[in-house]
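Novice: Construct the entire structure; sequences and hints are all you get.
Protein chains in written order, with this note's numbering: chain A, 1 to 160; chain B, 1 to 287.
It should be emphasised that the hints constitute simulated quantities derived from the structure, not laboratory data.
Everything numeric in this text was worked out from a predicted model, so none of it was measured.
Even glycine gets a Cβ: it sits at the ideal position worked out from N, Cα and C.
A hint or two may mislead.
What the hints assert, rightly or not - Computed footprint of chain B on chain A, listed as stretches where at least three residues anywhere in the stretch have a Cβ under 8 Å from a Cβ of chain B:
1. 14-28
2. 42-54
3. 61-71
4. 127-140
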Amino acid sequence: MSAGQCEVSFTVNGVAHTVSVYPMERLLDVLRTELGLTGAKEGCGEGECGSCSVLMNGELVNSCLVPVLQAQGATLCTIEGLARDGVLHPVQKAFLKCGGAQCGICTPGMVLATVHLLRRNPSPTLDQVREGLGGNLCRCTGYTRIFQAVLEAAEAGLET
Amino acid sequence: MRAQPSEYELVAPGKLSKVLELLAREPGVWLPIAGGTEVMVQYGAGRLGARKLVSLWGLPELRRIEPSEQELIIGAGCTYSDLRNHPVIGQEFPLLARAASWTGSIANQNRGTLGGNIVNASPAADSLPALLVYEAELLLVSARGPRRIPYGEFHTGYKQTRLAPDEIISGIALQPRFAGYHAYSRKVGTRNAQAIAKLCVAGLGRVSDNKIEDVRLAIGSMAVTPLRLPRTEEVLLGQGWSPALIAQARQALETEVAPIDDIRSSADYRLHVAGNLLQEFLQGLFQ
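Specialist: Here it is in C-alpha cells:
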C-alpha cells in the first residue's frame, strides 16, 4: 500500500471485501478493476446516464459519483448479485421476456433501477415507472419495451 | 483530463466536531463533500481545484428532520429523497417537496443534499426559490460556534456566499406558517426528467375578500443568484383581480431582474416565460 492509500471494507453481493485504494477513487472503478465486477458501466461519468447504477445500502446510486471511501462499511449490490444459483432475478426474466435490452450497456442500471423502484412501490403506474427509471438513458430501445418489462416484473412480483 | 485519484486526499472523520476542527485548522483548504453529485462531477472532469476533501456523508448530526410547533429543522445532509418522503415536508412545505422531486434522477436524489445544493449556489438549483418564499433561515456552524442567518441574505454574487471558510451549513429552519396559502411552482427545462432549469418559479399567496393579503415570489435560473421579487410582490399586495394587474406585475418583474443569457436559454426567453408563469400563478391564486 503506497502513501495516500487506505483500506476500505464493504460487502458486495453478500461477500465481504477489503480493498487498498485511494480514497477518491470512484466506486465504479474499484468495482470494475479491483473486484472484476464489470456489470456497472461507465457512460457519461457525470451522473446523468445511470449506466453505472448500483444499490448502496439499498439505495440506487450512480457509482461514478461515489468516492470509494464513502462506501466504507456499506452493503452494495451490483447486477452480478441479482441472479441466484444460476436462476435469473424476476426483473431480469421480465426484461428478457419483453425484449427490454438491446446493446446491453444500459441494462444493468435499468434492472437495478427497476429493483429499487419495485421494492418501494410494488405496483407502479406507467408515470411512476418513467420517473423511477428517468435517470437511466437508453439509446437503443426507445424505452417502451423497458417500461413494459418493469410493469411485467411488477405483475410477476419480486419474489417469484 | 481525467483526475488522478493519487493526487487527492479525502478523509471521513465521522463526527461533526472533528470536521469543524479540521476546517478551523486549515480554513479554505479542505473542501467538504456530501453526496458528491456536484463535487464528483467536477472531479471526474479534472476540474476540481481542491486537493483535500473532507466527507460529510453519513454524519448523523446533519441527517435529521425535526418538526416542532415553532419550526422545522432540516439537517443540511438530508437528501432530496429524505425531503420528498417526509410527511411533514410534503404537508407544510409542498414547494420544497416538489422541488426535491424535480432535482435530477432518483439516484441523484438519493445522494444530493439540501445543504450541498445551497452551498453550491447554482442560480438554477430547483429547491432554492422554495427556500426563499418560505423565508428559510440557515444554521451555520464552525469551531467558533453556531450562527443563524436568513437564507435570503446568503448569496452575494454568482457562486458567492456568506459562508466563512471554516464553516458549514448544519441545518435549514422553516417556520410552518403557510397553511392555507396557494402554493405554486413550475420548472421549465428542455425535458421533464433531469434537465437543469431554464427557469424555475416558486410562489405563495393568500387572498381574502378578493384582495391579495400576502404574496411571495422567487425565481431561479433568471439571474446570477436565485432571486426574491420584492417589487413585483409590492405591486400585487392589496390588489384585486384585474387584467391590468397582470400587466403591471409583468412590468414590475421585468424592471427588477437582470436576466442571464447562457447556454440553456436567452435573456428574452427567460423574461417572457417568467411573465407567463407569474400570470399562471395569479390566475391560480384568484381561482
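Novice: Each hint should be assessed against the structure and marked as holding or not.
Specialist: Here is how each hint holds up against the structure:
1. 14-28: Our answer is that it holds, as 6 residues pass the Cβ test (under 8 Å) against chain B, meeting three.
2. 42-54: Satisfied; 6 residues make the cut.
3. 61-71: holds (count 8)
4. 127-140: n = 6 at 8 Å, threshold three: holds.
Taken one by one, the earlier hints all hold for this structure without exception.
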